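Those protein sequence lines, which keep their order, are chains A and B.
Offset between the first sequence (1-based) and the numbering used here: plus 268.
For the record, in the second sequence the residue sitting at position 80 is 62 according to the numbering used here, with numbers rising by one throughout.
Be aware that a few hints might be false.
Unchecked claim - Think about it this way: if two alpha-carbon atoms lie no more than 30 Å apart in a straight line, the pair counts; the simulated DSSO-like pairs of lysine-lysine are:
(1) 52/B to 364/A
(2) 373/A to -7/B
(3) 52/B to 373/A
(4) 364/A to 338/A
To be verified - Cβ-to-Cβ under 10 Å is the rule here; a few derived chain B residues that face chain A:
(5) -4
(6) -1
(7) 11
(8) 21
(9) 23
(10) 25
(11) 32
(12) 45
(13) 70
(14) 74
(15) 77
(16) 80
(17) 81
(18) 87
(19) 88
No lab work stands behind these hints, which were simulated from the structure alone.
Fair warning: this is a prediction, and the values are worked out from it, not measured in the lab.
Even for Gly, the Cβ is constructed at its ideal location relative to N, Cα and C.
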Amino acid sequence: AQTVTQSQPEMSVQEAETVTLSCTYDTSENNYYLFWYKQPPSRQMILVIRQEAYKQQNATENRFSVNFQKAAKSFSLKISDSQLGDTAMYFCAFMKSPYTGTASKLTFGTGTRLQVTL
Amino acid sequence: DAGITQSPRYKITETGRQVTLMCHQTWSHSYMFWYRQDLGHGLRLIYYSAAADITDKGEVPDGYVVSRSKTENFPLTLESATRSQTSVYFCASSDAGTGYGYTFGSGTRLTVV
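Chain A on its own, in the form it takes in the complex (with noise of 0.2 Å):
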């Protein structure tokens, strides 16, 4: 079974300024993806980040991007630039790859608040 973790339950960051979030997985598969969800008070699940697990080169997404390291099973979500809109609970989560004509179940972690201040 995979297992995700999130050490960092609540942190916090000024306006304009980058912060960094962490995340390590556990399994023993090789072909899978990882992911950053973000829930912001609203409670929608909204995807932000996407990364395959055979791809080297680190996911970006305008002012998110990811550190990939497959060997030390970590993938860490650094925010760049931060506004207050990104105040929100940051949650990581694995899904390994699906077989044809399948679909895989999403594992979470604990999440992370993160509140962005003036």
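Given the coordinates of chain A, work out where chain B should sit on it, guided by the hints.
Frame of chain A; chain B shown alone:
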């Protein structure tokens, strides 16, 4: 509108009562999932379904029942609600064979008193 809709958004029920949470998707996704979100636990999988009439247990299925008679609907029933089932419940859907994650509903906050 296309998407995934959960109802109700909020629900308060008494211990021992049966309650059903609804989930409807218009994506025609074959897979649907129910998760519960609790502080300190993240999201945990309750049940999932690969297609109409095909369901399977997830990590925390005890006390819950699901059905899927139509592809677009996946209701979750608490047969006899307990206080430990107070939680936020998320429904999600996914197409088969992709690694693009899920589309989530907006969640139902259930309080059992």
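>> Hint validation: residue 80/B versus chain A, beta carbon distance must be below 10 Å. Holds or violated?
In response: The hint holds - residue 80/B has a Cβ within 10 Å of chain A, the shortest such distance being about 7 Å.
>> Restraint: residue 23/B near chain A, CB-CB cut 10 Å. Satisfied or not?
In response: This hint holds: residue 23/B lies near chain A, its Cβ roughly 6 Å from the closest one there, short of 10 Å.
>> Against the 30 Å threshold, does the CA-CA distance of residue 52/B and residue 373/A hold or violate the hint?
In response: Holds, at roughly 21 Å.
> Holds or violated: is there a CB of chain A closer than 10 Å to the CB of residue 21/B?
Replying inline: holds, 8 Å
> With a cut-off of 10 Å, does the beta carbon of residue 88/B approach a beta carbon of chain A closely enough for the hint to hold?
Replying inline: Interface hint status for residue 88/B: holds (6 Å vs cutoff 10 Å).
>> For the restraint on residue 32/B, tell me whether the closest CB of chain A is nearer than 10 Å.
In response: holds, 7 Å
>> Does residue 74/B hold up as a contact with chain A if the rule is Cβ-Cβ below 10 Å?
In response: Cβ of residue 74/B sits 8 Å from chain A, so the hint holds.
>> Between the alpha carbons of residue 364/A and residue 338/A, is the straight-line distance 30 Å or under?
In response: Holds, at about 14 Å.
> How about residue -4/B: closest beta carbon in chain A under 10 Å, or not?
Replying inline: Constraint on residue -4/B not satisfied, violated at 24 Å.
>> Using the nearest Cβ pair, does residue 77/B come within less than 10 Å of chain A?
In response: This interface hint holds because 7 Å falls under the 10 Å limit.
>> Would the hint on residue 70/B be counted as holding, given a Cβ-Cβ threshold of 10 Å to chain A?
In response: holds, 7 Å
> Can we keep the residue 45/B interface hint, with Cβ of chain A closer than 10 Å?
Replying inline: violated, 20 Å
Checked against the numbered hints above, the structure violates hints 5, 6 and 12; every other hint is satisfied.
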